[in-house]
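Colleague: Residue numbers (full-length UniProt numbering), protein chains in the order written: chain A, 1 to 454; chain B, 1 to 454; chain C, 1 to 454; chain D, 1 to 454.
If you are wondering where the hints come from, they were derived from the structure by calculation, not from laboratory data.
Which copy is meant is left open, because identical chains are indistinguishable; a pair holds if it fits in one copy or across any two.
No farther apart than 30 Å at their CA atoms in a straight line, the calculated lysine-lysine pairs in the DSSO-like style are these:
(1) Lys72 / Lys329
(2) Lys121 / Lys53
(3) Lys121 / Lys57
(4) Lys72 / Lys22
(5) Lys143 / Lys329
Letter by letter, the chains look like this.
Protein chains: 4
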Amino acid sequence: MSMPKDSGKNAAAESPAVAESKIQPAKGKLGVMTVGMGSVATTLIAGVEAVRKGLAKPIGSLTQMGTIRLGKRTDARTPLIKDFVPLADLHDVVFTGWEIFPENMYEAAEHAAVLDRDHLKSIKPFLEAIKPMPAVFDQHYVKRLNGTHVKQGKSKCDLAQQLRSDIQAFKSQVDRVVVLWAGSTEIFLEPSAVHQSIEAFEKGLVDNDPNIAPSQIYAYAALKEGVPFANGAPNLTVDLPCMQELSKLTGAPICGKDFKTGQTFMKTVLAPAFKARMLGVAGWYSTNILGNRDGEVLDDPESFKTKEESKLGVLDFILQPELYPDLYKDIYHKVRINYYPPRGDNKEGWDNIDIFGWLGYPMQIKVDFLCRDSILAAPIALDLVLFLDLAQRSSELKHLGIQEWLSFYFKSPMTAEGLYPEHDLFIQSMKLKNTLRHIMGEDLITHLGLEYYD
Amino acid sequence: MSMPKDSGKNAAAESPAVAESKIQPAKGKLGVMTVGMGSVATTLIAGVEAVRKGLAKPIGSLTQMGTIRLGKRTDARTPLIKDFVPLADLHDVVFTGWEIFPENMYEAAEHAAVLDRDHLKSIKPFLEAIKPMPAVFDQHYVKRLNGTHVKQGKSKCDLAQQLRSDIQAFKSQVDRVVVLWAGSTEIFLEPSAVHQSIEAFEKGLVDNDPNIAPSQIYAYAALKEGVPFANGAPNLTVDLPCMQELSKLTGAPICGKDFKTGQTFMKTVLAPAFKARMLGVAGWYSTNILGNRDGEVLDDPESFKTKEESKLGVLDFILQPELYPDLYKDIYHKVRINYYPPRGDNKEGWDNIDIFGWLGYPMQIKVDFLCRDSILAAPIALDLVLFLDLAQRSSELKHLGIQEWLSFYFKSPMTAEGLYPEHDLFIQSMKLKNTLRHIMGEDLITHLGLEYYD
Amino acid sequence: MSMPKDSGKNAAAESPAVAESKIQPAKGKLGVMTVGMGSVATTLIAGVEAVRKGLAKPIGSLTQMGTIRLGKRTDARTPLIKDFVPLADLHDVVFTGWEIFPENMYEAAEHAAVLDRDHLKSIKPFLEAIKPMPAVFDQHYVKRLNGTHVKQGKSKCDLAQQLRSDIQAFKSQVDRVVVLWAGSTEIFLEPSAVHQSIEAFEKGLVDNDPNIAPSQIYAYAALKEGVPFANGAPNLTVDLPCMQELSKLTGAPICGKDFKTGQTFMKTVLAPAFKARMLGVAGWYSTNILGNRDGEVLDDPESFKTKEESKLGVLDFILQPELYPDLYKDIYHKVRINYYPPRGDNKEGWDNIDIFGWLGYPMQIKVDFLCRDSILAAPIALDLVLFLDLAQRSSELKHLGIQEWLSFYFKSPMTAEGLYPEHDLFIQSMKLKNTLRHIMGEDLITHLGLEYYD
Amino acid sequence: MSMPKDSGKNAAAESPAVAESKIQPAKGKLGVMTVGMGSVATTLIAGVEAVRKGLAKPIGSLTQMGTIRLGKRTDARTPLIKDFVPLADLHDVVFTGWEIFPENMYEAAEHAAVLDRDHLKSIKPFLEAIKPMPAVFDQHYVKRLNGTHVKQGKSKCDLAQQLRSDIQAFKSQVDRVVVLWAGSTEIFLEPSAVHQSIEAFEKGLVDNDPNIAPSQIYAYAALKEGVPFANGAPNLTVDLPCMQELSKLTGAPICGKDFKTGQTFMKTVLAPAFKARMLGVAGWYSTNILGNRDGEVLDDPESFKTKEESKLGVLDFILQPELYPDLYKDIYHKVRINYYPPRGDNKEGWDNIDIFGWLGYPMQIKVDFLCRDSILAAPIALDLVLFLDLAQRSSELKHLGIQEWLSFYFKSPMTAEGLYPEHDLFIQSMKLKNTLRHIMGEDLITHLGLEYYD
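Turn these sequences into a full structure, and let the hints steer you where they fit.
Modeller: See the structure below:
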């Protein structure tokens, strides 16, 4: 009898060759459209080009740098992910997008001041050639911004139509398209009647329903065109019944929301550790200082509320106070974001965590993360467009709508109705990798591994 | 056809009832013998009694507070671990041990100054009744200590015999016994000829071989008596061929080494997070200040070397620089421990981590952990004795020797020869829990979970 | 010719004996009345008693622990301040006060949870014997509190009269009295017509002018009774023309405002250092977490504004941006206070300071101050009452009104009209000590000291 | 009768015009020779040129940016220091020096990697034109370096002669010269017989006495040439009887030792603050990480000891444990320096300070200083050469030998024999400024200021 192993047989149990055949190859050009071409988008675009030219490495990108362990620990099978699953090659990626300011990507990148001038100069002509299309924008939804490069339309429906035309035009130049929201945080909204079905939503577009924010118009346009959509902001955009219905219908995968970059990334690392060890948490105080446009937008209380909701939920889902009342039911969790111009894009997150251990004795952990907002977000953006494109080519994933296996990248991961989200970064990572193993017909990893001691 | 699930069928595929029947019930008294009855042991013993009297909660103990998810996310089956696997009940645990100072447990706890006087007073008679047996000690192996309550013996063999007598005497009063090393860090030693077989070791005992440290004499005595042994210090004690041979032979499980409490615990949480996200690490500087006896012992360079080796290995195994040379091959990793009396048992670990992201841009994380050494160690000690006792009662685990599934608790987890250790806290946690699921005949968790989107 | 010295001849140039004769001796009892008998007052009172009983040291008190250098560095004349100037002896200090809750000092101290139970128990009878008088209170001025132990009065004038009666009654039991505000932060108020003269203010009391806050009624009552008044909160209380007029008239010295304890104390230490070295400051972000009643009160935006004004002014006065525009004109200074119950009275202040040096290169300093609010405030409160009592007995200081030499203790020190305040802790310290030297007829210190090299 | 003022009459009491006449004007060129032309020297030289060209500001330099208050607070007389005392103009400063590597200043600055490439490029020709002279070097005194650009000599006396020739040659091109040690830390040495008189030292030079380190040969050569000498390292160089004798004899002022830049600068700011407030200190743990050549040199225990001695003394002198045994006699003070290459010249100093207040209650302060070593040192180097040059032109200062008023700039300030050094940054600052006021015939500041309340 064989001993139990630390990888378990895949239920589907097909041979890898068969599995792979169910994924369309990544042939031709992949078009990436970003909504918002500010610091994140320019850092992404400039970075991809720098990598293509061999000037820099795509650090932080799982699709480009990551490996995946296959089989037993002693098998030494750890290919690069991009050699294991059929992803679009970076050389095949083409960028465009929408922005409320008319600057080309070189100007926008200089203005964002994320990348060194040396880095930008070496790819200046490439960046200058990319110019944003006029954006759908309404200051009602983002109070602190005032764009000049915006589309005019008789109705939200008309604006949606214009966006669809933009997408169609781009589709004619490339083989596949993905749309990514890399724009600002909108004011706090809640699902309403207009979001309950495709039909209601389409009527709302015609009626200029105020519950329909610009980000929703983009998502609708993309999905209607059968184009996958990733939501990098905490906006109410695709976590709506109408969008999920549309996503399944047109086979255009969706995921979101809110890139998990600095402080929340750390929180979803530390909280699982405390829980793993059954250490209690009495309080968690998180403060952020940042000086970029994002910081400015979040200085508006209505936008901050959207972000705060996204940031606060994390602890409850990870720590499960209902299961562990002695440890977590009285957490005092506070999140503050402060606009602090001296830092520009260099965000700093300071966390104070009051924990307690054996017999209730208190201890403290302080974490100071001197990070860079767009440097952390850009590789996430890249991974998302490549994985969404993969999902659309995978027969197993294309029609699932929400891609929960991409939870790894989000502060507020989407899930099927009635299902709690996984916020623990390590569960998310395992979910992502076991999903890749599964669609490629490999054994799933369980870390049991008793067989080595047989 | 059913969709793939986020828990995979257990390879062994027996019914739970059958599986459970392979584990002996936890009937009668469990005797716990600690080698060293200083701050960790007194905190453990006083804490268990306080918990039994309902005065405090066993925070930090997975066996007492932890739950385990069984089945699908939507099944809502998450029993307490202690209700799931047949562990010894705290009321059945009885303590004794050896110590180089003759103080009873009340005096020792007051001296350790870990627990409040209020806590200690409420259980004073219980603590006073526990008095250590004289210890096997040799200052050659721990330079900064000088014990008075020590065994005299003609040879190391004679000393081993005395320990065996102690264990036999205790066995006659209880039903099962576990031995736990909770003593000081010995000087740095490497495996030598005397450690290669049981036979060679027994000859070494007779010959007073200087490569045999006191901790090894304890381990030998325990295993020879068929008693499981856990090693909480970084000493060279059971990770020796002779001990592993003996462990399998007598069915006395072993595990070690070096309790993973403060800074290394955090390191094995953060490093996996950086790797999960493919963030590079340029440097990691860790410094500790602590003022207890442990700090004093580690002020001796020879003992520090033993500890340093244990602490330094962690990053290489987690970050796999050979797989990720662009990210991790040039890490400058430095660990410092400073004896700093103002803090007593309240250790502080300060980490500075230089990471880099997209295109190589640098960022920094600073972590300041104001922890309590013994408060973190005591619940680990408790879990280890309960789990080792479980392992010995499990037909699947009893004769495996090394219990790799307990890696979760150690800075330098033991593995089968030729197998790299898992240092990632989250892999360790999954390994532990899937092992429990496995021995109880439950499905292993894989976090795939595509079925919810069917 | 003699070389210039590091102490300069006192302009007044009288003999010490003569000078001292101008200060009345500290005979008999000194009565201390605190407005507010919460955490600061109980910590003060319990502490003074503990010191009197030899149970603890009055750490943090300049009057009790401090020395003063007299003459040349080589003279080795450094008496204790309390041996140099005729201060009231701690054994002669008697406490009473007003509070909106009726708890005695033992109950209040237990509730405040600043001091250990062991400390409190040893002086329990003493503390129980001190019970607050009913307070003048109006929730309009402190939104988050709701007192039950309050005076009723037909008008503010009537309330003032009641307070004067309280003071008179206490005066009959002791030899001298000082009143200290140790209560909460009131809402933000600005000087108005009613504050311009004693006459106008007295009319306002009769008319129940809403610009007259309770703290002003206390100050008025004290000064009218010829009793010195110190203001430990940021309230608009004595920095008003009417109060200063009254202070000079009745020879009742005043000082204020807002005890300089944790974060602002550090700020007035660090900012002078940056200026001394001509290091620029681009930004200063200060955040506080605290969980005591003070934190709760400051959670109200109106009270917070009062505190914020007090905290923000510091940097401008110290750094003088008008003199150093290249270094300080663009400082982004932000102060946040967050109510965070897990900490209780243990406040934590985290400062991030963005400085720049040679050629403008940026650097950062982060300061994390894990302090204890009342532990820092109590010795300040003690020094202020003893020094105010001294001032009233000094012919040179009694009729000056504002005691600028006590700036050392305040976030917003009072000054004569048209005079900028000194916020630099070291200038404040020198001002205080040279004032003591001056009134005692000793040479002032200038730190020149060329004579040693003659 | 006039009230006492916050500035006291200058004892010398001459009119400013007379005083100023005793200072020679700063006519012609000032030659600056640096021993060591590494990161500090190149940052100084490149910076001065950048300032001269209007490309940057001399932030951090008191001589260039600082003002000085004259007279009463209400007088509003605060000229720039450089407009108040006759300092050499930056445009009149000329640089040369010695270095053990032959790189020109452009190459050396690039290698030091302190300044941005943009900054360096704009002054490249200027920097390339400055080439070091071969240095006097002996690896016995700096173990971790190995220079190639060194002088050969039959004896130390011969080497001293070669240095004097270098100085003479430079003197012929400029009007005045100052020498500054900006080289590495030598091994720990103590004064010996050879240092007791000029005569003994000169004999030692001939005899190659091993107690004579290279830095002493430079100091001797400079002073013999009547050239002022500043010691920026902790080496035993001019704090020797023979050097002080020579300094007075030739009227060549001296000062030292060890630039007070990052952590010690902060320590001499914070410790005075604790003392001012009578807060006790139980422990102070300081750790540094830095990756430049200085860090590499200090990795050698012998050089570290020299630095450690310089850093450790600070607290004792400031806190005066003999005066305040209850507060400071049991401080556990530990200083660690760790070579940590990821940081280059960007030093980080982390301090943990355990303080205690009222009744002994403990509190903590943590300071994290992310500084830049050479950016902090360069303006200090500039001030020192300009002030030493001023001192030599001042009849009151020229023959004093040690310039104690420059203590402000040093970790281990020199003093007359039998006199304790002032380490408190604010006393040092006052001493410096009152010295300037004194030599210019202005009233000294005492901060008394009672006259404003008359």
